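Here the structure of chain L is known, so what remains is to put chain U in place on it, guided by the hints.
Sequence lines, in order, name chains L and U.
Each residue of the first sequence is one higher than the one before, counting from 27 in our numbering.
Each residue of the second sequence is one higher than the one before, counting from 1303 in our numbering.
Calculated directly from the structure, the hints in this document are not laboratory data.
Please note that a few of the clues may not be correct.
[Claimed, not checked] Derived Cβ-Cβ restraints for the label pairs, each shown as a range: (1) A1610/U <-> W41/L: 32 to 42 Å; (2) F1353/U <-> V34/L: 38 to 48 Å; (3) N54/L <-> L1608/U: 21 to 31 Å.
Because the structure is a prediction, the values reported are computed rather than measured.
Beta carbons are placed, not taken as given, at the ideal position from N, Cα and C, and that holds for glycine.
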Amino acid sequence: MGWIALAVVGVLILWAILAYNRLVNLRNQVANGWRQIDVQLKRRHDLIPNLVNAVKGYMKYEQETLQRVIEARNQAVSARGAAEAAQREAELSGVLGRLFALMENYPELKANQNVLQLQEELTSTENKIAFARQFYNDVATKYNVARETFPSNLIATMFRFQRAELFAVMDEREREAPKVDLGF
Amino acid sequence: MNIWEQQARNRRNTVLLVVLFIALVAAVGYAADWYFGTGDIPVLTLLAFVFATGQALVGYFAGDKIALSLSQARAVTGQSLKEQQLINVTEEMAIAAGIPMPKLYVIPDPDLNAFATGRSPRHASIAVTQGLLNTLSRDELQAVVAHEVGHIRNYDIRLMTLVAILLGTILVLADMLRRALFWGVGARRRRSEGNAVLLLLWLVVSILAPLAAYLIAMAVSRQREYYADATSAELTRNPEALIRALQKIAAAIQPTTAIPQSLAHMCIEDPRGRPINERSGFWSDLFATHPPIHKRIEALRRMAYLQAS
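This is chain L alone, in the form it adopts within the complex (with noise of 0.2 Å):
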């Protein structure tokens, strides 16, 4: 009879060991996920002076615009703190798209193989973001579940896992559709 209980205590024991680890493994990887967004914003942050120096020359009735994109892109750098630093990236995007838009007007550009390939850069380092905040997202809802369901929300609760939060957007102003002013 003693065998058994032994043997029971041996499984939960090794249940719990695993489940603490599983925990663990995830909590990294959200950690990981959030930092990798950040790898990309600051990608992006690099890639910006290029692509103006680029399109300067071709874009003369635009230097306003162009001035915006690089003042974003200044703002954002020298953000302090998450929320700042979130707010102006989101402004950078926003310009950025401005700017993409405007590109369509000018022909010449695409014959210019230097711009496409910039500009697929850029594009490339928008998606990369969006793809970093997905992946983080995903994974952070991994952890969510597995530290909220039965039966290792005990060990969880025992250890004391936080919830990771969401990305989620955080200026209203992204939820509206972009206008595009083409100039016409």
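Quick look at chain U alone, frame taken from chain L:
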């Protein structure tokens, strides 16, 4: 059924099929060892298993290099805009899937196809044909790459290696039994088991068991194709892009001669071309590594909420 429900169903079906497969191997092994009267330890089954494992492991470790050299794949350089786009869409999908960036290759074949290979996400490679690169738009290319990244993330190469081991074990055992029955070797033969029993054993072992094993292996392959499609939809959140890509692939159906058939299960579509595949009959479905394209599109349309379940 949406993306998540379809993925859950694919995983369940895989488990069921693998369990069924193991049971089949156990049954055949039991019959073989019974026939030869090997006693308490199923020596023959173990031998067959070890042999099949050895064969499969060669494929597991060297498979990616063999595949890439057979298909004459060349590494991507990013010189052209299209290659740069390929690199970028793959990086984006690697971020979305949380895996390291796979190595990229282009196959000099005008047909539309792609495959993934490599024993783990850290040692993965993806190859696409020149035809695919030229014909698909950026988001369609991304959808195909996402399907291949799906195969990598879901450890399909490992699963198919396991399937190859199980299949190999049955084939070796069947071979042993066939020869033994033919040459009249084996302990039980001397007792009066009767010719009918032996004939039945021969029939089952040399024909039915390998056939069943092959069918199960193909069923697993098809299940993982659906799973990879659902993973593509999950990573891109854009099932329609994959639908358009599959339609273009179906329209251009010519055999991809550069890709060896042994890699079929890792491709986006069967490299044999299968101009007959759209005639999806009962038999052609059972023996196919990939589900018919119209069924894959249907599943994707459900994921995109364009079709009722």
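Here is what the structure says about each hint:
no.	hint	verdict
1	A1610/U <-> W41/L: 32 to 42 Å	holds (41 Å)
2	F1353/U <-> V34/L: 38 to 48 Å	holds (40 Å)
3	N54/L <-> L1608/U: 21 to 31 Å	violated (38 Å)
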